[in-house]
Amino acid sequence: MPYIPNTPEDQQQMLKSLGMDTLADLFADIPEHLMLKRPLDLPEPLAERQLLRYMSRLAEKNTNLDQCVSFLGAGAYDHIIPAVISHLISRGEFLTAYTPYQAEVSQGVLQSIFEFQTLIANLTKMEAANASMYDGATALAEAALMSCSATNRRKVAAAANLDPKWLEILQVYLESQDVELIRIPYDPGTGLIDKDALKPGLGSETACMIVSQPNFFGSLDDIDHAARWIKSAQGLLVMAVDPVSLGIVKAPGEYGADIVVGDAGCLGNPISFGGPSVGFFAVNGMKLVRKMPGRIVGQTTDKNGRVGYVLTLQAREQHIRREKATSNICSNQALNALAAAIYLALLGPKGIRQVAYQCLQKTAYLRRKLQEAGFRLRFNAPVFKEFALQADWGWQEINQRLLEHGYLGGFPLELVDPGLADSVLIAVTEARSKAEMDQFVDLLRGWL
Amino acid sequence: MPYIPNTPEDQQQMLKSLGMDTLADLFADIPEHLMLKRPLDLPEPLAERQLLRYMSRLAEKNTNLDQCVSFLGAGAYDHIIPAVISHLISRGEFLTAYTPYQAEVSQGVLQSIFEFQTLIANLTKMEAANASMYDGATALAEAALMSCSATNRRKVAAAANLDPKWLEILQVYLESQDVELIRIPYDPGTGLIDKDALKPGLGSETACMIVSQPNFFGSLDDIDHAARWIKSAQGLLVMAVDPVSLGIVKAPGEYGADIVVGDAGCLGNPISFGGPSVGFFAVNGMKLVRKMPGRIVGQTTDKNGRVGYVLTLQAREQHIRREKATSNICSNQALNALAAAIYLALLGPKGIRQVAYQCLQKTAYLRRKLQEAGFRLRFNAPVFKEFALQADWGWQEINQRLLEHGYLGGFPLELVDPGLADSVLIAVTEARSKAEMDQFVDLLRGWL
Amino acid sequence: MLLLDLSVPGRRGYVLPELDVEETPIEELIPEAYLRESDLGLPELTEPEVVRYFTQLSRKNHGVDVGFYPLGSCTMKYNPRVNEDIAAMPGFSRIHPRQPESTVQGALQLMYELDGYLAEISGLAKTSLQPAAGAHGELTGLLIIKAYHEFSGEGRQRREIIIPDSAHGTNPASAQMAGFIAREISSNSRGGVDVEALREMVGPQTAGLMLTNPNTLGLFDENVETIAKIIHDAGGLLYYDGANANAIMGIVRPGDTGFDIVHFNLHKTFSTPHGGGGPGSGPIVVSEALVDFLPDPIVEYTDGKYHLVRPKHSIGPVKAFYGNFAVMVKAYAYIRHLGAAGLKRVSENAVLNANYVMNQLKQDYYLPYDRICMHEFVLSGKRQKELGATTLDIAKRLLDYGVHAPTIYFPLIVDEAIMVEPTETESKATLDAFVEAMREIAQEAKDDPEKLRSAPTRTPVVRLDETKAARNPILTRKALV
Amino acid sequence: MLLLDLSVPGRRGYVLPELDVEETPIEELIPEAYLRESDLGLPELTEPEVVRYFTQLSRKNHGVDVGFYPLGSCTMKYNPRVNEDIAAMPGFSRIHPRQPESTVQGALQLMYELDGYLAEISGLAKTSLQPAAGAHGELTGLLIIKAYHEFSGEGRQRREIIIPDSAHGTNPASAQMAGFIAREISSNSRGGVDVEALREMVGPQTAGLMLTNPNTLGLFDENVETIAKIIHDAGGLLYYDGANANAIMGIVRPGDTGFDIVHFNLHKTFSTPHGGGGPGSGPIVVSEALVDFLPDPIVEYTDGKYHLVRPKHSIGPVKAFYGNFAVMVKAYAYIRHLGAAGLKRVSENAVLNANYVMNQLKQDYYLPYDRICMHEFVLSGKRQKELGATTLDIAKRLLDYGVHAPTIYFPLIVDEAIMVEPTETESKATLDAFVEAMREIAQEAKDDPEKLRSAPTRTPVVRLDETKAARNPILTRKALV
Ligand SMILES: Cc1ncc(COP(=O)(O)O)c(C=O)c1O
Ligand SMILES: Cc1ncc(COP(=O)(O)O)c(C=O)c1O
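Residue numbers (my numbering), protein chains in the order written: chain C, 1 to 448; chain S, 1001 to 1448; chain A, 2001 to 2481; chain X, 3001 to 3481.
None of these hints come from the bench; they were simulated from the model. Watch out, some of these pointers could steer you wrong.
[Said to hold, decoys possible] Cross-link-like lysine-lysine pairs, in silico, BS3-like; alpha carbons within 25 Å at most: (1) X:3478 with S:1303; (2) A:2382 with S:1350; (3) A:2060 with X:3060; (4) X:3478 with S:1287; (5) A:2478 with C:16; (6) X:3344 with S:1303; (7) C:287 with A:2478; (8) C:16 with A:2451; (9) X:3428 with C:350; (10) C:350 with A:2478; (11) S:1287 with X:3344; (12) S:1061 with X:3060; (13) S:1016 with X:3344; (14) C:303 with A:2451; (15) X:3446 with S:1303; (16) C:350 with X:3478.
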């Protein structure tokens, strides 16, 4: 019996102490006719050795990012991960603990969450952050709901150049609460928020304006403009940001954001087919802190005056406030947040700046090379680590051909918008090398 | 500067406290003309990311055991390793500690060595074991030297059917001490010790008789005979054993062995091109314990009466006795011994018996199938997990052909004895499956 | 000391390969107004310092690997390390969610098969693996209930979700998030749903009921069929909170007892590690009638290939991409390793262990519902409270025994609740030691309650001041001013 | 509680796949007399129990990852985890030593190149990677010296190996094992070899000299050239104990200062982890003249392929197969990661850190050799001993500060020796904290030496009775009777 210490003798002894004869007696409370009378229909068990072989064969049916050169992004990115992180997060004390309900024996998890909160707050230049969210998309949706509750308004404005998946999820969350979503269109030439769409009157009932920096097309927007617009309507500015970009790009706090969310999976977490990632959630001001979803760790002292950490402000949470809670989140993504904290600690300010700078420069390089090779840019705007390229091609077919040459091509925009069928979203992280890019350009040039 | 915390400012501050200006001042004691005036001629440094890529390419230049079906043994075996072991031994407290000189903060290592000693002693059915040796071969050599010192004799008898590599190493160690090595020939028909060679007179000056169970050809010998012979000559019986075999095969202690050595690499340690492995060394009687090479951990109590463990009987060791030490061994193979202890704890008596039983049965199966396919056995003797197969083939060429079909063939005996050029040593562990063996037989049958 | 306290300007913990492309002046790439001006506020440390810092932190933490962790409702069972190795295989950990389907057939197959296993275990039809945790599964399930009623034209009318007073806090919170009104139904004297009260509560406004069965008292609600009938007859749907599924695998299937939607916590029942609070995974399984409403996408198998498909009336996605894939890999491996017989043994032994411990403790602690329990049970510390030691004190004292405390003060319907879930991976020796500790503590409560009130004493820090933390919140290294 | 104390019959921690071949009755395979009759004496446990047991054990252990570990002569530096990942790659960890050369070209290339790097670092010609540790390297080197003299027909005559009194105990022990007579040479007032005494000691009986430079006092012997000349003129060879090579990489090369043979401890200088006492790796590098005597095999590169080759006059193998390959992989990766500049910085900072700490401590502790040190230095606790606290007491007291004690009572030539090696991977803050602790202890020795004598108090066990352990040895769970 893998992982089960009870031997038949143990079982007999224990049953006897209960005055029972068989294991079946334990289930006397279950109406007999409801009980399953046959074994579950599951595959035969595999011994560990066979399991490993079987699973590695299954894994090999996937083409992994070490087997190809990837320019795929669109919400998930191949960033470099320091090797030491996985060693630290797999220490049993981190891996096999749960939410730190008993603070005195959970200082490891609590202090590491406190570090995560601190580092996220500093990186975003906000005052406080929570212990993590499921991912960036759900963090955004919760930010929108929280904006409604904080402002007592029932409309949310969001730039249409947000990640379409995030917009969809936002829509699902808002609909469930009967909140109206107003999509602020983008300028078809730049992909940036259409400033004309931000009409003065429009904002008066909106709880918040959601902008993403960079936007789904990789471009950097004029956040100040959107900020002024929503502030003038007494709404909140909600920013969704790529944390890596903050090594170079103006911090949300510097824009006066009220709530900042994003996906921190790119900070030291394996990409793993998109999950688990980890969302972050940062705010300014105690008023918003008290409405924040998720766990929060605070600093305190013990009876001897020693500094320690505890879960705090629990009055917001489901286990205290139940249907009045600010969110239903319970388990979050603690281990991924720990990985992100370790990543930030290892990289430090210089390292993060370097990651951002290399993304920026390499993206610029590939973009220029592709232009020189005869391709057009879909949008005319500054970009960070991703850009939309235009050519009258079937990009999904091109991607098939690229695969044969060992490249994972960009994201065909037709998958989210038929109007962009001629374009592909190309991502370049610090992990790409000049040689990889040059060969990629050569290949594509040959097919033009 | 990877891994170095001193910043230039730190360095300046520290130098200043020393009254120095530059780092070069630190080396004022080294005669100027002896100093290296140029950088070392080493390849350019690789950042971690590049290092990983480079190293994995280097690793891929090797054919690994997951990429082929191996019947190769001859001293190193592809046994199954429970996945959890590597997780436990890579905990920083085990991995980054050294020899437990400060017992009060080293109970983890000390107690785990005590476990290793206990489990090895029990498995071999001896009274005591040490904390580990470099490997089985050097353990054997040290056992021979120790026999000389314990008996005050200068000759060592060893069965010629020992692993030839071990015999060579034994020879090197004995020669350095001017001890004579007497090789006891084996019967060419059975591969077993030639009983006639064990003449009564011969033993009178030999410190010990060394036998290996199973022998290099995988066969099980009549140890009792050799034991009687050496006992009658007041020499010591030294046995080299495969620890896995002890799940089924009579324990050295049951044969009355005085010293037992072997290689415990097969207990939960990756094969890693032959190293690190770990040797074990077990004896009977305090007299021999006091002559044992290597570290020994003993149980004691602390000031409060609590049980604890310490390095003990250090009077035998080099750092106390210097040129009078029983051996020069200092660093041993503690982490590999830990892996072995965990392996034994996981497998338990039933598991070890199962491993042994499967080796035995699978070996018997393949042996029979190959015989049925028309091959001959080189030796007529019972075997455990390895046997010598005979065919008038160039086995090295056959192995090349087998490789093309995904098989790592057996060990061509011509590599150690031209007289056995027609034979190959085939190892079958519990890791081989019936299907793998059947296909192997089919392939070979086709080439007959 | 926090990371930033250890920081020294100029240290580096990780260095990227050199930039190998020609650089463009940054001002040509990004308008100056878009550039960051402020400090990053990150520490400057080397790798050795970071390793030591987090190693030290970890050593201040309890985990299942460290000792017994009978945290009720959380199923703190052993987490097999082989599953970590499997999830780390590059073919699983290094695949991009937007890759062409043809390049991720292994991943899709795994999801498809896991979907099927969970359907079989629950007795339902089809799974969405997207929810990131139990609570997320609840929200998703409730959105499906909503969509179902809307599809039948009853969306406006069916606004109420009935939830027992014993339920986990996420249930009402999820109901609220999904835009429902949560109605609390009280428990009867046996700890189950008060069936008569339920009959009175249902009506055309009823969207559904959320039930945990075994519930958070660790008790199996014998009236489950009746309850199901009442809800179904009223036009509502039944949601099963599967946080407690460790009790029922291969024994009884929620689908067979009338439930329409089930969520599982893979991080509980299927042994994926809790990671200090996540990542979890909360897949939901639904009946045939609800398949079309599942979140986007689900995995289908057609023409010999696996595909990501949007169900016809999908509620839409509830999370980016496909859920916590790496967690699914571990749960999948667990199921493949144990098989049907293994899973059943898990539940049998989980229930056996709980009953064994409950029976040993009911002399010394008040047991509000004295009947067979399932995988966990709830004691009350009220006798001890009268002596001057609260359940909190008992919990803190347990820490001194090297044991993590049970869940306390939950469920809310038990005064001074102590909720114990031993799990099947604990040995009798561990259970006996726990019983012994609990008895000693009960004795201490009689002899010297102050000892409990001043516990713990053997932990890295002693009793922490939670009130202070909440009154004057310090949430980052530089306190909020 | 030991493993066997936790054992319960019937538990299994690991289960093999079912046997899939037809079974032959065992008596047809093995004569009954050859079968085991006795118990195996192994514990019966489950995986969760084993994990918890060893996790708990580990938590009672100090390591570099846990805190400062200034164990002199052992170079307890940070062990980069990336190297563990690399060594675990199947292409390195899952290759068999007897595979055809064509299938292990990557492994052989790695060994060949590592050989070259070590040759370059030492200033010598060719490496044997076979020795499993430093002491094993010493033995191997001495056997080469022996073979060399035998080859020149002077084997009988050259029986003496000269070894300074400051040398590590392995040096005389290795000399003895190699069949030599160890002659001890005393140190001069500056801690170096007494050159005059050496001149008198050498002669036709001299086989060679073993020198550690910097020596175990952490001091560089300025007379190294003179010493080399004396030995060479007498027809002997010079062996360099490279345990202290962390001080000299890229600064000075043993080969350039006259040595003929060098061993390195990869587990010290090249940062491979010490593993609680191994595995180490002690490659030796020899001069051109000695290459033919190297152990069998070495790696050569010919015809575009790497080959395992037996040197012409090889002393034979000293270990099965090729040495501790996985350790080599880590050392190779370390060198490739740091490069020439990185290695030099290692030595510079190791030396800087040692001098910095030495200078801070020389007021409070007696410093027998007050000169620039290299990567380590030796204090004497004799002042404190006069006050009633021995070096052992000081060491034990340090444990209460969360620091591993330095090496003590070695080298033998310093009374109450305290040998401190900080290594380059420690930060100034850590060094300062250590200095502070040492000063506090020095103060305690004055104010309250009993406090030191009764230390440690904050460790998992307090002072252990070593005498008892040695007098009545209990070496396994069931004591030897
Ligand atoms: C009964 C019950 N339901 C729901 C949940 C919520 O699950 P999660 O934490 O995965 O969101 C829990 C978690 O503790 C629970 O115990
Ligand atoms: C100076 C010196 N020489 C030799 C050795 C022996 O090295 P090893 O332990 O690797 O055998 C040591 C080890 O501590 C040492 O410090």
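Against the structure, the hints:
| no. | hint | result |
| --- | --- | --- |
| 1 | X:3478 with S:1303 | holds (23 Å) |
| 2 | A:2382 with S:1350 | violated (48 Å) |
| 3 | A:2060 with X:3060 | holds (13 Å) |
| 4 | X:3478 with S:1287 | holds (18 Å) |
| 5 | A:2478 with C:16 | violated (58 Å) |
| 6 | X:3344 with S:1303 | violated (46 Å) |
| 7 | C:287 with A:2478 | holds (18 Å) |
| 8 | C:16 with A:2451 | violated (35 Å) |
| 9 | X:3428 with C:350 | holds (21 Å) |
| 10 | C:350 with A:2478 | holds (21 Å) |
| 11 | S:1287 with X:3344 | violated (49 Å) |
| 12 | S:1061 with X:3060 | violated (41 Å) |
| 13 | S:1016 with X:3344 | holds (21 Å) |
| 14 | C:303 with A:2451 | holds (14 Å) |
| 15 | X:3446 with S:1303 | holds (24 Å) |
| 16 | C:350 with X:3478 | violated (58 Å) |
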